[in-house]
Amino acid sequence: MDEVVVEDVEPSIFKAMLLFIYSDKLPDVHEVTGSTSMCTSTILVQHLLAAADRFNLDRLKLLCEAKLCEEVNVNTVATTLALAEQHGCPQLKSICLKFAATPANLGAVMQSEAYRYLEESCPSMISELLRTFASADENSGLQLSRKRSGSSIFGLDLAADGAAAESVNPNGRRIRRRF
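The numbers in full-length UniProt numbering rise by one with no breaks, and the one at position 157 of the sequence shown is 157.
Just so you know, these hints were derived from the structure itself, not from any lab.
A couple of the hints might just be wrong.
[Stated by the list, open to error] Below are the DSBU-like pairs computed for lysine-lysine, each with C-alpha atoms no more than 30 Å apart in a straight line:
{"id": "1", "residue 1": "Lys98", "residue 2": "Lys67"}
{"id": "2", "residue 1": "Lys25", "residue 2": "Lys15"}
{"id": "3", "residue 1": "Lys25", "residue 2": "Lys98"}
{"id": "4", "residue 1": "Lys67", "residue 2": "Lys25"}
{"id": "5", "residue 1": "Lys15", "residue 2": "Lys67"}
Construct the complete structure from the given sequences, taking the supplied hints into account.
Shown next, in the form of structure tokens:
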């Protein structure tokens with residue numbers, strides 16, 4: 001057979017796979033496409049991750065996952081999250097969920113067209129995103145209450161149970177404060 005037909009893989013993605021196979025490194029976007037756009041880079045690496053998963057190129061898949069973790073932004077997080085779920089990339093999924101669930105990012109992510117793609121392709125990710133948001137909100141609430149209870153008022157040390165706290169003065173003597 002003179003020709004092998006590989007379906008469902010773009011020529012640039014297949015070229016990137018071949019460059020990886022021969023060099024054992026993640027190829028630069030401009031090596032593959034001649035472009036240096038960040039969006040093009042992310043899209044290329046997303047497609048390359050899917051191809052690496054399909055052809056069982058585990059090292060390439062890990063390299064793609066690491067690169068995508070570095071490039072998460074409001075415009076790409078939803079599609080990257082769907083990709084992470086579909087191709088079994090737990091680290092990438094976790095980073096995307098944490099990024100998207102921050103209050104500063106969630107609104108912008110939900111208004112993106114990629115979010116609608118996420119709703120259609122991986123509806124379970126929407127509930128997981130909301131759970132991540134809720135747990136992040138709870139954790140920040142707990143940290144605030146810990147800071148309040150463990151802090152001092154007007155420079156006085158407070159005991160955890162609200163009773164008088166003992167402290168040591170500069171002369172080395174223990175002092176019991178009453179409130």
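Consistency of the hints with the structure:
no., hint, in the structure
1, Lys98 <-> Lys67, "holds, 17 Å"
2, Lys25 <-> Lys15, "holds, 13 Å"
3, Lys25 <-> Lys98, "holds, 28 Å"
4, Lys67 <-> Lys25, "holds, 12 Å"
5, Lys15 <-> Lys67, "holds, 18 Å"
In summary, this structure violates none of the numbered hints.
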